[in-house]
Amino acid sequence: MKKYTVYILIAAALLAAIVLPRLLPKPFEKHVLILIMLYSILGSAWNILGGYTGQVSLGHAVFFGIGAYTSSIMLIKWGIVPWVGMLVGGVIATIVSIIIGLPTFKLRGFYFAIATIALGEMTRTLFLNWEWIGGAVGLELPIKRGDKLINLQFYLSKNNYYYVLLGIFLLTILAIYVIQKSKLGYYFRAVKDSHEAALASGIDTARTKLVAMGISAFITAIAGSVYAQYLLYIDPYVVFSSAISTRICLVAILGGEGRLFGPIIGSSILVILSEYSRAWLGGGGKGVDLIIYGTLIVLVAAFQPRGILGMVEMVKAKRQKAVVPNA
Amino acid sequence: MSRILKAIILCSVALVLLVSPAYSKVDVVKIGVIYPLTGTSASTGNDYVAAYQLAADIINNVTNIDFPFAKTVGIPSLGNAKIEFVPADSQGNAEVGKAEAERLITTIKPAALMGCHHSAVTKTASQAAEQYGIPFLCPDSTSPALTERGYEYFFRSGPTDNTFIEDAFQFIADVDKAKGTKTQTVALVSEDTEFGKNILNVEKDLANKLGYKIVETITFANNSTNLSSEVLRLKQANPDVIFMAAYTSDTILFMKTFKEQRYYPRAIIGQRAGFIAPELFQTIGKDADYLFTTNVWAADLGVARPIVKTINDMYKKKTGKDLTGDYARAFTGAFVMADAINRAGSLDPEAIKKALLETNLPGKDLIVPWEGVKFDQKTHQNMYGKTIITQFSNGSYKTVWPLNLASTPVVWPVPGWDKR
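Chains as they are written, first to last, in my numbering: chain A, 1 to 327; chain B, 328 to 747.
The shape of chain A in the complex, shown without the other chains:
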């Protein structure tokens, strides 16, 4: 593809992303868009650690929850605007991720994944019993009407939540793009391809993994803060649930792990599938929606473990092969 075609494509996609919520008037459609954006950010953040660096985490809800709790607590207890709380939450999540990373990165492959599951469960139990932050009763965020951007609460139009998330998503994508092209990006991929070879080439693998985890945790926490502002109620079962951890991971893997636009594709499919199947079939109470949702995930995992983008590339490659002998 020529360079300017890429620019045109990017501009078109951006325009579509900006116009899209205006074309969908129903709040439920907007809700779906917001969730798609949210999980695109979360999937991209996970991708930094899981996709590029090859460290599969099944406990990312820890950072998501820390972000949600930090901004909410700062708002409720001290009246600090969520934008500041968001950044503080990001920093705290990064520090926590480093503390978690130091011992767990000594574990490889499955053992690291198992350790992250355990950490997720531990954090939830800790928050359930921590009275100062509301414990199991959770936190209700004070309602601020007037749709001011500074309060990060919008009643008249949900579009604003979407645009805030879109902005964060674009920044995330940009950051990942820059990292990908930098030396750090090559370090990440080296660690993923072969830990030993990376070590032999003089890469500080432990530090590389910690950096990946830190960046990933920071972005995840930011998304958590926005989520708390969107739902206006959080408790440990809402933000620290293992279902969130799994979904973050699924989004990235379904779209194609280690690919820049994998998460947005994965999240579009996954969120639309889960939300609309529930809306259409959920009232029947037979769980049909969840069966369909689960079946599709199994199918993709079984037949195309490289995700949807992997599938697209495979089709492309086949076509090229078919074209060559004729030419």
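Treat the hints loosely; a few may be bogus.
[To be verified] In silico PhoX-like links for lysine-lysine, alpha-carbon gap of 20 Å or less: (1) B:K613 <-> B:K509; (2) B:K436 <-> B:K681; (3) B:K436 <-> A:K26; (4) B:K357 <-> A:K26; (5) B:K436 <-> A:K30; (6) B:K506 <-> B:K536; (7) B:K636 <-> B:K648; (8) B:K436 <-> A:K158.
Don't read these hints as lab results, they were simulated from the structure.
The hints should help you fit chain B onto chain A, whose structure is shown.
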């Protein structure tokens, strides 16, 4: 203008004239009901929906029973419009509950919303209703915080944890007097989600206020796999009475462990949930004997009031199960809503809200043993909700308190495992 164009315009005008009266007439009154229809609470959620469907059957058809709306078809003031309860699945998840509330409000345009069993889901779903200015009636969630938010469109017909626990302490005082015992020490046992924690806080406050000594406080993980050390701690603390808030699987495990360790205090008083779940008696059988639980409904209320038995029989015919405190509350909520809409005479949210505020149902029109339904003008909490204390014997819970409703004498203190 061509003739065809004229004809088209004429036809469309005629069509508009024909169709427009139909818009002002109400055919169906839709009420969205949000419950956990999948996940760990799925069977509970589906039984709730059955209770709403039973209410709709009675309201929409002529039924030969002595109950409001039974003798008429639909909502009389709205031209006998039928009422329809549209179920939506919350999956027991606060985010999903809110999304479903919003989807219902903007697609089926319900006159009101009801639900949602889990207090956390009720919190977020009612937030959406408040935002859109749609009345929300909660018949079942008990977290006191729900009616302390100052919401304009939120109403609750069922009692709160405060009432349940106050009545439990009142019961202890009454039974102490009657049986000549003296209860001095209590142990508080709660699971670790919002449900258990809320109850624990209220219990602590009341126990301190009423001068009971708390000898042990235990918070255990929801869905535990082993509770031996918790029971051991209780055994060592040796309280007179244990208060317990637990869901089904934990209640079963606690009872099994109590028996294993041959320990039983003077009484165990449960807080509904696991204690009223049919699975408990199916699993532990006679070991459930003498258990107490706070409640809002028991089948023996039908002895004094035949209508209660009639409704329970109708429910049993539909689902194969008895009503429980949960479903009886939901059924009652459905009639509170139908009554308000009938008095409002319109589907305008403001009119329904006003009618709800003016609700004044007498106790005789309910299947729950309340004085009636009348909402506090500020908090919108039903002021006349009452609770009962039931004790398990011969395969079902029997009312033992208050005394004017009691069908069976209370067994107090409860005999230990070796004396049964």
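Earlier hints that do not hold, by number: 1 and 6
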